[in-house]
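Visitor: In this note's numbering, the protein residues as written are 100 to 302.
Just so you know, the hints here were simulated from the structure itself, not pulled from any lab data.
These numbers come from a predicted model, not from an experiment.
For each residue, glycine too, the CB sits at the ideal point set by N, CA and C.
Some hints here could point you the wrong way.
Said to hold, decoys possible - Here are the simulated PhoX-like cross-link-like pairs (lysine-lysine), alpha carbons at most 25 angstroms apart as the crow flies: (1) K129 - K172; (2) K204 - K257; (3) K275 - K257; (4) K172 - K204.
Stated by the list, open to error - Pairwise CB distance ranges (calculated): (5) M103 - P203: 45 to 55 angstroms; (6) Q116 - Q227: 32 to 42 angstroms; (7) A113 - V229: 21 to 31 angstroms; (8) N256 - S156: 36 to 46 angstroms.
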Amino acid sequence: MVSMVKNMIDQLMATAQWKGLLRARDLAEKNIPREYLRRASDQGLLERIGRGLYRVSGTMATDNQSLAEVCRKVPTGAVCLLSALRFHDLTTQNPFEVWLAVAPKARSPRMDTVTLRVVRFSGDSLTQGVERHRVAGVEICVYSAAKTVADCFKFRNKIGIDVAVEALRDCLRQRKAKVDDLVRYARICRVERVMSPYMEAML
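Let the sequences and hints guide you as you build the complete structure.
Guide: Here is the structure:
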């Protein structure tokens, strides 16, 4: 019995370390009963960081920890706009919310550890330009620098044209994206005519 408990907890901890952030439902894939989450927590091996969300105790939080938490909880969403700008170091803004793009008819996600700002994207605007990165052991989906700049111009009434222009300037100066990619995503987001004068002035 003792060896079985130890074996289950060892499997649970290996899963937690591999995934970075552990959800209760992840245990079903490994046939580990949920009671072992409580056992591991009681032993101080895991810490609960949100409803149904755990990480290995003592793990250092990263600057993008909140992005990892959101993407672990909402795997169908993609980090966008101000949060994506911050991820790519294209803004002086430091949003306290995580901006997340979801499909038009997707259920609005809720979290008790992170404040979400949900934005509805559709068609190519939702599916194109998504990159996958690993943060705190978690795969996160975030729009590329070029796509994010185009999104900022599309949603300039939400975030401000000054933020969009700053993002474009930083993107070009830091060479985070090719001009052709910026033009391509501007077309997808239907803001080519809005972006063109700014791009011409900066090139």
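Visitor: Do N256 and S156 keep their Cβ atoms within the hinted range of 36 to 46 angstroms?
Guide: This hint holds: roughly 44 angstroms between Cβ atoms.
Visitor: Next pair to validate is K275 with K257; report whether the Cα-Cα distance is within 25 angstroms.
Guide: The given pair, whose Cα atoms are some 23 angstroms apart, holds under the 25 angstroms limit.
Visitor: Does the Cβ pair A113, V229 satisfy 21 to 31 angstroms?
Guide: 29 angstroms, holds
Visitor: For a C-alpha distance cap of 25 angstroms, please report whether K129 and K172 respect it.
Guide: 19 angstroms, holds
Visitor: Just to be careful, I want the Cα atoms of K172 and K204 compared with a cutoff of 25 angstroms; is the pair within it?
Guide: Judged against 25 angstroms, a Cα distance of about 18 angstroms means the pair holds.
Visitor: With 45 to 55 angstroms as the target window, see if M103 and P203 comply at their CB atoms.
Guide: 48 angstroms, holds
Visitor: With 32 to 42 angstroms as the target window, see if Q116 and Q227 comply at their CB atoms.
Guide: The hint (32 to 42 angstroms, Cβ to Cβ) holds, given that Q116 and Q227 are roughly 33 angstroms apart.
Visitor: Hinted pair, alpha-carbon criterion (25 angstroms max): K204, K257. Please report holds or violated.
Guide: 20 angstroms, holds
The structure is consistent with each of the numbered hints, conforming to all of them.
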